[in-house]
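Dock chains B, C and D with the ligands against the given chain A, drawing on the hints supplied.
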Amino acid sequence: MTRDFLLAFARNKGAVIGLAIVAVIILMAVFADVLYPQDPWDMVGLPFAPPMTDGMLMGSDMLGRDIAAGIVHGARVSLLIGLTSTLAAVFIGVLIGAIAGYYGGWLGDLLMRFTELFQTIPNFVLVVVIVAIFTPSLTSIVTAIALVSWAPLARLVRGEVLSLRSREFVQAAVTCGQSNGTIIVKQILPNCLSPIIVSASLMVATAILLESSLSFLGLGDPNAMSWGFMVGSARTVLRQAWWMSFFPGVAILVTVLGLNLIGEGLNDAFNPRLRRKRTA
Amino acid sequence: AEETPVHGGTLTAIIQPEPPMLILGLNQQAPTQTVAGKIYESLLTYNFDLSPRPSLAKSWEVSDDGLTYTFHLQEGVTWHDGEPFTSKDVLFSFTKFLPDTHPRARALMSRAESITAPDDRTVVITLKEPFPAFLQGFEMSTTPIMPAHIYEGTDYQNNPNNNTPIGTGPFMFDEWVKGSYIHLVKNPNYWQEGKPYLDDIYFKVIPDAASRALALENGEVMQSQYNDIEPFDVQRLAALPHLQVIRKGYEFVAPLMWLEINHRVEPLGDKRFRQAILYALDREFIRDRIWFGLGRVATGPINSVTKYYDPNVPRYDYDPDKAIALLDEMGLEPDGDGVRATVKFLPLAYGETWQRLAEYVKQALGKVGVKVVLESTDAAGWGKRVANWDYEITTDFLYQYADPSIGVSRTYLSSNIRQGVLFTNTMGYKNPEVDRLFEEAAKEVDPEKRQDDYSQLQRLIVEDVPVAWLLEMEFPNILNTRVHDAITTAIGVNETYADTWISPE
Amino acid sequence: MLQFLLSRLVKAVLVLGVVVILNFLLIHAAPGDPATVMAGEAGAADQAFVDQLRTQFGLDQPLYVQLGTYVGHIVQGDLGFSFRQQRPVADLLLERLPATVVLTLSAFVLALVGGVALGLLAALNVGKWADSAITVVALLSYATPIYWVGLMLVLVFSVNLGWLPAFGYETIGAGYSGVEKLADIGSHMFLPVVTLGLFYMAVYTRMMRASALEVASMDFVKTARAKGQTEWNIVTRHVLRNAILPILTVAGIQAGQLIGGSILVESVFAWPGLGRLTFDAVLQRDYQVLLGVFFVTSVLVIAFNILTDLLYVLIDPRVEITT
Amino acid sequence: MPQTETETQAPGVAPPLLEIKNLTVALPDEAERPFAVEKVRYTLNPDEILCVVGESGSGKSVTAHAIMGLLPKPDLRIAAGRILYRGQNIVAMSEAEQRALRGHRIAMIFQEPMTALNPLMRVGDQIEEALIIHTDLDRKARKARVVEMLDAVGLPSPETLRKSYPFRLSGGQRQRVMIAMALALKPDILIADEPTTALDVTTQKQILDLIKTIQREHKMAVLFITHDFGVVAEIADRVAVMRHGRVVELGPAQEVLTAPKAEYTRALIDSLPHGRPTDATVARGGPALLAAEGVTKVYRSGGTRVSKRTELVVSDNIYLTIHPGETVGLVGESGSGKSTLARAIVGLLKPDGGRILFQGTDLLSLDRAGFRPFRRHVQMVFQDPYASLNPRHKVAEIIAQGPIAFGTPRAEALARARELLGVVGLDASAGGRYPHEFSGGQRQRISIARALAMEPQLLIADEPVSALDASVQAQVLDLLADIKAKLNLAMLFITHDLRVAAQICDTVGVMQHGRIVEYGAATEVFGHPTDPYTRALLDAIPGQAWHASHPPSGGPPS
Ligand SMILES: Nc1ncnc2c1ncn2[C@@H]1O[C@H](COP(=O)(O)OP(=O)(O)OP(=O)(O)O)[C@@H](O)[C@H]1O
Ligand SMILES: Nc1ncnc2c1ncn2[C@@H]1O[C@H](COP(=O)(O)OP(=O)(O)OP(=O)(O)O)[C@@H](O)[C@H]1O
Ligand SMILES: [Mg+2]
Ligand SMILES: [Mg+2]
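Protein chains in written order, with the working numbering: chain A, 1 to 280; chain B, 1 to 505; chain C, 1 to 323; chain D, 1 to 558.
Everything labelled a hint here was simulated from the structure, so no lab data went into it.
Note that CB positions come from ideal geometry on N, CA and C, so glycine has one too.
Check the hints yourself; a few may be wrong.
Stated by the list, open to error - Coverage of chain A stretches by chain B, computed from C-beta distances (three or more under 8 Å per stretch; other residues unrestricted):
no.: 1; region: 32-44
no.: 2; region: 60-69
no.: 3; region: 119-126
no.: 4; region: 134-140
What the hints assert, rightly or not - Selected chain A positions facing chain D (in silico; Cβ < 10 Å):
no.: 5; residue: Thr53
no.: 6; residue: Thr84
no.: 7; residue: Met112
no.: 8; residue: Glu168
no.: 9; residue: Val170
no.: 10; residue: Gln171
no.: 11; residue: Ala172
no.: 12; residue: Thr175
no.: 13; residue: Gly177
no.: 14; residue: Thr182
no.: 15; residue: Lys186
no.: 16; residue: Gln187
no.: 17; residue: Asn191
no.: 18; residue: Trp243
So here's chain A without its partners, still in its complex pose (with noise of 0.2 Å):
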C-alpha cells in the first residue's frame, strides 16, 4: 500500500513540484539565521532601493530593510502560523467530527449544528475581529485561525465516521467486545486518515493565506517579519516601489502553490479510483 502510495504519488508531476517547492520554503526557514545572519528588520541599505543595489537582491523596503532577508525570514512565520493552526483545527475538527459521527443522537446533532453555525458565520471577518480585540501577536492569530478552520473538516471526518460506523468491520469489532474508544481510535480513524491529511495540508495553504491577509490589514504580530505584513506595508508606496510588494507576494502565492499541489498529489495518491485514472 504504501509503496503503490509512493509511487502513485511520485506520478504526479504536479504533487513532486509541489513538494520541492515546499521543502525549498522549510529549507529557507530552517537555514533562515544562515542566509541572512541579519535581523530582518535591521534598516541595512537605503531606503527605496530597487532590487539588485548595494547587494540586495530584492531591494529594500521604505525603512532600508532587505526585502530577500525578510523573505527568508518570513518563511519562518508562514510556516509556524500555518502548521501550528493546522494542528490545532485538527485536533477540534478530528474530536468533533468523531464524537458527532459514532455517538451521532442528539449531542451528534448538537455538535453538528454548532459546526455548521461555524461553517455560516463568514470566517475572515471573524478571525478580522478575534485578533483585533484580543491584540495582534502569534497565539491569537493561531487561535483565531484555527477556531475557523475546524468547522470543514469535523463534517469531513463525522461524514467519514458516520459511514465507517456502520461499516461491517466496525460491526464486527463491536461483536468482539472493543470499547467504544478503542474502536474510534483504533478501527475508524486510522481508515479517515486518508482525507485528514488531504484536508489538513490544503488547510495549512489557507491558514498561510489568512495569515498573511491579516498581516496585509495590519493585525499581525508586530515582532514577526512575515510575508503579508511586507506586502501590507508596501501597498501605499506601490506607486514608487513596486518590487516592496511584488516579492513577497510571489513568496506567498509559491509557498501556498506547492502546499495545494502536494494536498492535490495525496488526494489523488490516496483515491485508489483516481489513481488508476491520472495513469491512464
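What follows is chains B, C and D with the ligands alone, placed relative to chain A:
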C-alpha cells in the same frame, strides 16, 4: 500675495474624517473645528507668534495685577438667524454652556472668580489668582461663543437645532450630505464689511488617502490639512505647479511627539537609561524617512513655535556610542545575545506611520543592546493602559495650546500624576524643582521673569529626559495656488476664512 | 416550499443569535473601555467626563443587564455607537452596504458563471491543452493572495497602462449622469470585481471540472448518448445541470469567504463598502464598527445561503422532500 | 464513408441483423491484460434473444458498448474487427451516422436503474428526448407516444407518471421507464446490459417477462447480458459464454445449458447452488439456544419537530427459535427486515419491543457491560467480506482482536489466530498480510475465522455469500457446512437466494414486510409452501424448469 482680493468663487476642501456634528461647543474634534470654525467665532484669534488679535472682541485690557480681563465686543454683530449678538451670549457660553460640555473650557473658566457683563458690549472676567496664559484661551476651539437664545435652558446635547448650526461667522450652514459633502454659504450680513470674499465652501469627504491625493492633483479639491495626505505623497504633490504646501497654521496646537517612558519600570527610572535612548535614536532619520521630512527634531519639552521656547538646552544628537557608554556606566552588560535590557513598546494605534516608527525604535534600540518587544493594541486599549501606567514605553503626542502653562506643564508636574487619566504625568516623573518653577511661572505676570523661569525649566527637564522627545510635528496644508490668504493665523485652517479669496482661473 | 423557507429562517435567526452573543462577549473581552478612548479623543480626560460617558452608554450596569440591553438594541436595529466616528454604527453600515452588495454580487456572478463555464470547458477537453491551461490558471489564482492580485492589477492596469482607475467607486465630482455615470462606475468596478471574482472563479472552476467529469461518467449520460443525443445537447441538457449542484452547495457555504474577501479587495481599491469600513475600523480598533460589520456580514452570508438554496430548489426537484 | 460489406451468405438463410467480426478492443497500457475483448465474433438475428454470460470482467459490457459506439473515449479503443449492422460497418461510420443509429435502430438499457435516468429531468421528457432526436413528430404526437410507451411497459397511470421525477419511482418502475425509452422508436436491436441485477427476484421476474413479451411482439433482436444462468435459462434463444475477453462457447440455449461443450461453461454451471434441502434433519427438541419473542423494530424518519414523521415497521412481532446445532435460514426479498433481526440479536441495535432470550437470559434487558459476556457466544459473519475487515489491520490481528478484548494475552490470541486460519483452509502465514491481499473467498474465510476465534455457540451469517462469485460462493458454503458439522454450531443464515437457503438450512423462515410469513422445516417450506408470498418467491426464481431438469452438482469444480 500682494494682489488685491477678488470677490466670488467656491472653495473646495477635503474634510477627513467626516465630522460627527458641527456644533463646536459640543464637539471639538479636528474636522469639526475646521468646518465649524467658519460658522462660529470666539473672542480672539492669534497671530503666528501667538499674540492675540481681535475677533468678536474688538479690544481688551488686562489689569496690572493680572487678575482682571475686560473684553469690548464688536458692534453690529448678528447671529445667522438675525438675532443680535451681545455680551449675554458670551456670559452664557462662559458660565453655562461650555463648563457643561467642554473639559478644556471648564478648566479654564474654573480659574475665574467672577464673569460679568456690565453692558451689552463688555465682558469682565476676574481671576482667583494671576494666570497670564489666560489670554491664550479665547480661540474658537477652546471657547467658541454659542447663541444663548437657542441653547439657554435646554438640553444642549439634544437640542433640536443641533442639525443647523447658528453662529456669527462669515459662512452659514447650508447643506450636509452625509458621507459626501458639507456646504457652507456666504453670510451676507457678516459684521466685517465686504467680507467674506468667497461665495461658498464645499467640504468633501474622501475617506481614502490615495483618492485624496488624486483629488488635489486633478484640481477637484483645493485644500487639504492635517494628515489628509500621507507623508510620502506630500513631496510629490508639492512639486506640482498648481499646488503649494504651507506648513504654518499649527502654531496654536504645536503638537510635540515623544516616546513616553514609564519611570516606575526598571531600568527606565534611571535618567541615564533615558538619555541613552535619546542618543540611540536618529531623529533625523525618523523625520526624513518615516515622516518624509515633515517636522522638526524636537529639542525639549516646549515646541519651538510655542511661547517661551528656549533653544539653549543640552543636546542629544544621534550617537549610539554615547548611549552604549551610558548603559555601561549603569552596569547593564550585554548578555550572550548582546542584550543589555529588554523593554516593551506599546505603539500608538493610529496607523502605519506610527507602526513604522515603532519598528524603527525597535531596531535602533536593539543596536545599543536594548531589546524592544513590540506590543499591539487598539486606541481604547492604549488609552486605558497608558492612563493606568500599565506600559513601559509608548509613543504619544500632545498639543501645547500656545502656552507652556496650559499644554506643557501638565506632562511634567508631579501634582498631575493622576492614575486613570490620560495626558497627565503618566510617566511618574517627579522633580520638586520642576514643580516649583512651573507653578511660579504659571502665575508670573512679568514676561521676562516668565521667560527666565521657562528657560531654566527647559534645561532642567531636558537634562532629566522624562520623555524622549522626537519631533515637533508639522502638518502640511496643501493648497491650490489660486487660493490666497487662507492660512493667516496660528489656528490655520480652523480660521474663519473671512479674508480668504480665490483668484480667477 | 413555505416550510423550507420557514426552516431556513429559523436557522438564520439561530445563527444571528449566536453572532449577537459572540459580539457581546467579544466587546467585553476587549481590553480597554470605550469611554476611555472617547475621553482621550476629546483631548482631555478627567474622571468626571469618563464617568459621564460610562453612564451615558450604560457601561456601569451589571453584565446581564448590558446583554439584555444589547440584544434589545440589536432587535431594534441599533448596532451601537462608533465612538471614533461619533455616529451610530447602523448608519455607517447602511451607508456602506450597497457598495459591498454590488461588489460581492457581481463578483459572485462572475465567479459562478466564469467558473462553471471554464470548468465545463476543461472537463470536456480533459487531457488536452485547454484543460491544462485552465487547470494551471485556476491553481495559480487559487494560491494567490487576493489583495496581492489586486495590487498587481492596479500596478499593471492603472499605474503602468493607465487604462482603468485604481481607486474608488466613481470619479469624484466629475458630475456624470445617466449612461456616463454607469460607465464610470463600471470602469471603477472592473478591477475590484475581477480581483474578488478571480479567486472564487478558480475555486468553482476546479470544482466544476471535477463535478462535470464525474457526472459525465454517470450512467444517465451514457443513456442520453445511447439515445443518439448530440454531444452539445448532452452537455447542456444533462451534464451541466447535474454538475452544477455541488457547486451551488459550496457557493452557498462560501458566501462567507466571499464577503470576507471583500474586506481585502475593498481596502485595496478604496471601495467605499463594508470592507473599507472594516479596514478603517481595524486601524482604529473601532470594535463597535467591527462587531457591526461582523453582524451585517453574517446577515449577508445567510442571505446568500438562502439565495443559493433557492437556486438549488429550482434546479433540483429532489430537495423538497429532503428538507 | 460507410463501407458496405457484402459477405458471402449461405443461400436461403436470412442475413443476420448484427454481425460482430473479430472484434478486439484494446485496454490502456497498465491494465492487467492487453485487450478487454479479443477476436470476439457472434451474430444476432431478428426475432431472437441472444444471452451473453460470463464472469465479471469477461468483456460482456465492453462488446455491447462497442456496438453502441459508446466505448469510454480515451481509455478503450477498437483495435481490430468490424461490427456490421445490416451489412454496414458501424466502426467505420462517422459520429453523426452512428448517432442516427443509436437510440433509433439500436437501443440499450443499462444495469443500474437508479443511475441510468437523469435525476433532474421528468421521466416523460427523457423518453421524449429520443423522439425529438430521431423523429419529426409534433409535440402532441410525442406526448401521446410517451404515454403509449409507459402504458406498454405496464406502468400505472402513465399520464401522471410522465411528469414524475425519477426519484419518485421504485427500482422496477425506473427499469420499466428505461425499457420504454429504449423501445420508443421501435428499434431493430435492443441491448440489455444486466437489466435486472439490481432488482429483487420478484421484480426481476416481471421485467424479464416484459422484455420477452415485447421482443416477441415486435420481433426484435435482443442482446441480453447477464451472469445469471437462471435468467439465461428463462429467456435465451441462443447463448454466448465469455471468459477473459473471448467467446468460449456459442450455441442454442438448450444445447449450452444441458450439454456444455467448453470446460469453463461446465464449471460455471456446476458451481451453481443445487438448492436441494439437506438430508440431515436436526431434532428441534430440547431447550432453545436462542429465542426471539415478539421482536419489534420501528424506524422513524423525517422527524423534525415541525414535519410529520414517517414510520417504517421493519420487525413486526417476530418469533424465532434456534436450537443447538440447528441452522435456521431467513429468506425474503431486500428490505424485508432480515438484517434488522440479525443485528438485534447480536446487540448492534435495540428493538422497540420484545425479548431475545439467549439460554434463558433476555439480552435486551442488559446494558452494555452486562451484554459483554454474551458477545463471546453470539458471533456474526457479515455480508461483504471486504467491508467487514479493517483494511488497516493485519489479518492475524483482526482475528485476535476479540479474544484480546476479552483478556486473552496477546501472544496467545495471535497464536490461536494462526491456528484458526488453518481451520478455514488458509495458510498460517496469511496472518501477516492485509485483507486487500486476499481474494473475496479468502476474505470471507478470514471473517469466519474471526467469528470462530470467540468460540461462539451461535453464528449469525448475514448474506455471507451474496458478494461472491458463483464458484467462490460454493466453496464458502461448503466450508460453513463443514465447520457447523465439526463444532456443532447453531447458525442463523440469512440470504435472499432461496436455492442457497434450501441447500444449507434445516429450518426456514420467510420474511415479508418485517413479518415472518412462513416458518418450518426447509423441506416443508420449499416443498409445500402454504403462504402465497412464499409461493411467489419460489415462482420468481429464474430458470426453474432448467434447474429442475438439470440439477448441478452444487460443488465447486475441484
Ligand atoms: N473504462 C475502462 N477503463 C479501463 N478498463 C476498462 C474500462 N471499462 C472496462 N474495462 C476493462 O475491460 C474488461 C472487460 O470489462 P466489462 O465491463 O466488459 O466486463 P463485464 O463482463 O461486463 O463484467 P461485469 O459482469 O462485471 O459487468 C475488464 O477487465 C475491465 O477492467
Ligand atoms: N437505520 C435505518 N433507518 C431507517 N430505516 C432503516 C435503517 N436500517 C434499515 N432500514 C430499513 O429497514 C428495512 C429493513 O432493512 P433490513 O436491512 O433489515 O432489510 P434486509 O431484509 O436485510 O434487506 P437486504 O436483503 O437488502 O439486506 C428496509 O426498508 C430499510 O430501508
Ligand atoms: Mg458489465
Ligand atoms: Mg440485509
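We went through each hint and held it up to the structure:
1. 32-44: holds (count 4)
2. 60-69: Answer holds; 3 residues pass the 8 Å Cβ test.
3. 119-126: violated (count 0)
4. 134-140: This one holds; 3 residues, not fewer than the three required, reach chain B with a Cβ under 8 Å.
5. Thr53: At about 53 Å, which exceeds the 10 Å cut-off, the nearest Cβ of chain D leaves the hint on Thr53(A) violated.
6. Thr84: violated, 28 Å
7. Met112: Nearest chain D Cβ about 14 Å off; hint violated.
8. Glu168: holds, 4 Å
9. Val170: This interface hint holds because 8 Å falls under the 10 Å limit.
10. Gln171: holds, 6 Å
11. Ala172: holds, 5 Å
12. Thr175: holds, 5 Å
13. Gly177: This interface hint holds because 4 Å falls under the 10 Å limit.
14. Thr182: Where the cut-off is 10 Å and the nearest Cβ of chain D is about 8 Å from Thr182(A), the hint holds.
15. Lys186: Constraint on Lys186(A) satisfied, holds at 8 Å.
16. Gln187: Holds, about 6 Å.
17. Asn191: OK, holds: Asn191(A) within 10 Å of chain D, min 6 Å.
18. Trp243: Nearest chain D Cβ about 45 Å off; hint violated.
Checked against the numbered hints above, the structure breaks hints 3, 5, 6, 7 and 18 and satisfies the rest.
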